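Trainee: Sequence:
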Amino acid sequence: MVDTQVISRQPAGTRAGTTGSNRAIRLWLYLAAAMVFALVVVGGATRLTESGLSITEWKPIHGIIPPLSAAEWQEEFDLYRQIPQYQLVNRGMSLDAFKTIFWWEWAHRFLARGVGFVFAVGLAFFWATGRLESRLKPRLLGILALGGLQGAIGWWMVASGLTERTDVSQYRLAVHLTTACIIFIATLWVAEGLRPLRADATPSRGSRRMALAIVFLCLFQIYLGGLVAGLNAGLAYNTWPLMDGAVVPSGLFSMQPVWHNFFENVKAVQFFHRLGAYLLLTVVIVHAVRCLRAAPSAHYSLGALWLVGAVLAQAGLGIATLLMHVPIEWALLHQAGAIGVLTLSVIHARPMFPRVGAPEGARAG
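Each step along the sequence shown adds one to the number in the UniProt record's numbering, with nothing skipped, and position 54 is 54.
None of these hints come from the bench; they were simulated from the model.
Heads up, none of these hints are tricks.
Using C-beta positions, here's what the derived DEER-type ranges look like: (1) L279 to A246: 12 to 22 Å; (2) F125 to A152: 17 to 27 Å; (3) Q82 to G130: 50 to 60 Å; (4) L275 to P138: 34 to 44 Å; (5) L279 to A124: 33 to 43 Å; (6) E72 to L31: 24 to 34 Å; (7) A24 to L279: 33 to 43 Å; (8) A128 to T49: 33 to 43 Å; (9) A24 to R81: 41 to 51 Å; (10) E164 to L323: 28 to 38 Å; (11) M324 to L149: 32 to 42 Å; (12) L312 to A124: 39 to 49 Å; (13) A38 to N238: 27 to 37 Å.
Note that the structure is a prediction, hence the values are computed from the model and not measured.
Every residue gets a Cβ at the ideal spot worked out from N, C-alpha and C, and that includes glycine.
Generate coordinates for the entire structure from the input sequences, incorporating the hints supplied.
Mentor: Structure representation (structure tokens):
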């Protein structure tokens, strides 16, 4: 059995100081990933408190400064009172109540700007000081560009609720959430690739593929969760394991054309989110069994077991949240749990793919 001790901190051919540089870069990327994690949770709170439309203008730079006087607060409130959400849902809202939803949305945008600032400044510093390996530069630039695109996607989402709707489009909400998670995955993947190398049993090609599939299944399940949130589908059919009195409820394809049901039918969207959870749990269990049979003491086998436990816990959170009719605290815990499972899936999968220049049989640990 191969020992799992760290065997090398520097693949052959790397210059002195690479280890220290990689550690600093890794910590910076972990900070950026943690901020994206927090951003997703705050975004969930913004959605649950219906605060996302409280700021009706997109000011990428000037918008970092909140209202500082009574006149500025009144100006923001007057802008909000022009949109359908106020006129049809919140008519008569007080200025103090408006301030509550405003601060949620402002905090979400402020944190998003903070992520961009931390990532851009860190990238510029490590690049200028010559600490970045050539292979990292296009990857990190790609993540930075995706972050800029995400800001535009966020405004595209908000804009969908400013004229005709009283909330944002579930299509755009799901895209916004999924893009944030893609940024999170990419950041964490690069960071994990900079960890010291471990000597470990080499996973089979099938295990590697399944580990990568689990990452994508987690991401897809989060996308489905975005549709559920966008349609407020969690507030309907609050029973489990049956749904509307049946294992497979009727009316899943009542809309025409049929494809609308996957995005606009409240019952279908919640049902497919449940199915996604069952599929993910099944896959992680099968994957863990295969890993344990192949190499019971390998580092990646332990990671597979952690994934099973995390998915079970997340499923329990989802069921509890549903049965309690989606209290905000439990809903946020469920959303945070989803990102937690995604985190474990990336940490589990990344070491299965050897780094360029790594010794034969070694894995990024």
